[in-house]
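J.: Going line by line, the protein sequences match chains A and B.
Each residue of the first sequence is one higher than the one before, counting from 1 in the working numbering.
Each residue of the second sequence is one higher than the one before, counting from 235 in the working numbering.
Hint data in this document are derived by calculation from the structure and do not stem from the laboratory.
Glycine included, C-beta positions come from ideal geometry on N, C-alpha and C.
A few of these clues could be false.
Selected chain A positions facing chain B (in silico; Cβ < 10 Å) [what the hints assert, rightly or not]: (1) Leu104; (2) Glu106; (3) Thr122; (4) Pro177.
Listed below, chain by chain, are the residues.
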Amino acid sequence: MKKVYGSAAEALDGVLHDGMLIAAGGFGLCGIPELLIDAIVESGVKDLTVASNNAGVDDFGLGKLLATRQVKKMMSSYVGENAEFMRQYLAGELELEFNPQGTLAERMRAGGAGIAGFYTRTGYGTQIGDGKEVKVFDGDHYILERGIFADLAIVKAWKADTSGNAIFRKTARNFNPPAAMCGKICVMEVEEIVEPGELEPDHIHLPGIYVHRLIQGEHEKRIEKRTVRKREDA
Amino acid sequence: MPWDRDQMAARAAEELEDGMYVNLGIGIPTLVANYTGDKDITLQSENGMLGMGAFPLEGDEDPDLINAGKQTITELPKTAYFDSATSFGMIRGGKIAAAILGAMEVAENGDLANWMIPGKLVKGMGGAMDLVAGVGRVIVVMDHTNKHGDSKLLKECTLPLTGKGVVNRIITNLGVLDVVEGGLKIIECAEGVTEDELRAATEATIV
Chain A
1 MKKVYGSAAE
11 ALDGVLHDGM
21 LIAAGGFGLC
31 GIPELLIDAI
41 VESGVKDLTV
51 ASNNAGVDDF
61 GLGKLLATRQ
71 VKKMMSSYVG
81 ENAEFMRQYL
91 AGELELEFNP
101 QGTLAERMRA
111 GGAGIAGFYT
121 RTGYGTQIGD
131 GKEVKVFDGD
141 HYILERGIFA
151 DLAIVKAWKA
161 DTSGNAIFRK
171 TARNFNPPAA
181 MCGKICVMEV
191 EEIVEPGELE
201 PDHIHLPGIY
211 VHRLIQGEHE
221 KRIEKRTVRK
231 REDA
Chain B
235 MPWDRDQMAA
245 RAAEELEDGM
255 YVNLGIGIPT
265 LVANYTGDKD
275 ITLQSENGML
285 GMGAFPLEGD
295 EDPDLINAGK
305 QTITELPKTA
315 YFDSATSFGM
325 IRGGKIAAAI
335 LGAMEVAENG
345 DLANWMIPGK
355 LVKGMGGAMD
365 LVAGVGRVIV
375 VMDHTNKHGD
385 SKLLKECTLP
395 LTGKGVVNRI
405 ITNLGVLDVV
415 EGGLKIIECA
425 EGVTEDELRA
435 ATEATIV
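If we strip away everything but chain A, and leave its shape as in the complex, we get (with noise of 0.2 Å):
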């Protein structure tokens, strides 16, 4: 079965519906999918719910969706660097479930495992335990998570083999991975496509069972905080 695909919109054609829900990549605006984010907007669907760690900055990544009114409500644990997204969800227009950053990551882990749900410390006797079905193990506390089944996982890795093996780039692999494996159709942008035979099969960080569709494109991977140190200190 032929996974590449010749641009972000190709690759998402016949995937999107209104009222579906993506878990996306990414965590700030380090290794987030920013050409299938593109090809969403311009597809013009809406009433999205997506599950991603944050929600971009106003004028790149998720926050270009939010921007054109596409998403209905987002998971994520951190919505900080967004004012279009406060001013949404202040308003009333916007639903908001926050997720703690590692229950968000194991929900996409479990759902991609076939995991219905999960006990975690995490959370417990805060208000993200509301409502939820607590159990003590050996004397702690747990709370119950469910595993998030997503209709669509759009991802961004370095490199992949045409088959969707995929390789990540030091920190810009994190929610990536997990996202991926939750998706019913998974959709990765790569910065390189190679030939089956030239990634070392023991270096594979996901393997392309994961992955349905591919594209390859130029990223503009944008930095959210530079913080260096002056050459004449070091």
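Position chain B relative to chain A; hints supplied.
T.: What follows is chain B alone, placed relative to chain A:
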């Protein structure tokens, strides 16, 4: 004289032992890395990295290499990268020896509030709830009082909790306190701060 930010960070660094894997929060906790001296401390960044290095030299910034505060950083020879599920697996699994975090309020039973103020802009808890629920030891570094002069060490937290009964030690500008049975125990006072002054600035029960 109460401790300043750097003195608080230096005192917090004394809590760390050779060989520890540690997660540092933003603010004063980030400064702790400057005071670990010769100790072999490995810093975890919860976005998927063990062995966090310094900020890059100008021109060496890499958009694929950031810390949990989204700042550009560098790697070390011992660095390892992993995905977010694995990262929080090691946090929840108790593999990280300690987390050093800031706080808005700490209660005498170890309850911690540091993620939201109702009615104000809510940005989210990020990884804080997972960290306090999972790491071996939670050390809070914060000012003893808020900007109105009220104690941040309380009988009960008034703000929504980040974790219940999770704090082990509190380092403030006035001294060091442990969460023990029945309340807080004074471990030491900042140089020039008396125990009476520390007690007077504290709402929580001191045992």
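J.: Now tell me if each hint is right for this structure.
T.: Now for the hints, and whether the structure bears them out:
The interface hint given for Leu104(A) is met, as the beta carbon of that residue sits about 8 Å from the closest beta carbon of chain B, less than 10 Å. The closest approach between the C-beta of Glu106(A) and any C-beta of chain B is roughly 6 Å, which is under the 10 Å cut-off, so the hint is satisfied. Proximity of Thr122(A) to chain B holds as hinted, the smallest CB-CB distance being about 4 Å (cut-off 10 Å). Given the 10 Å rule on beta carbons, the hint for Pro177(A) holds: about 4 Å separates it from the nearest Cβ of chain B.
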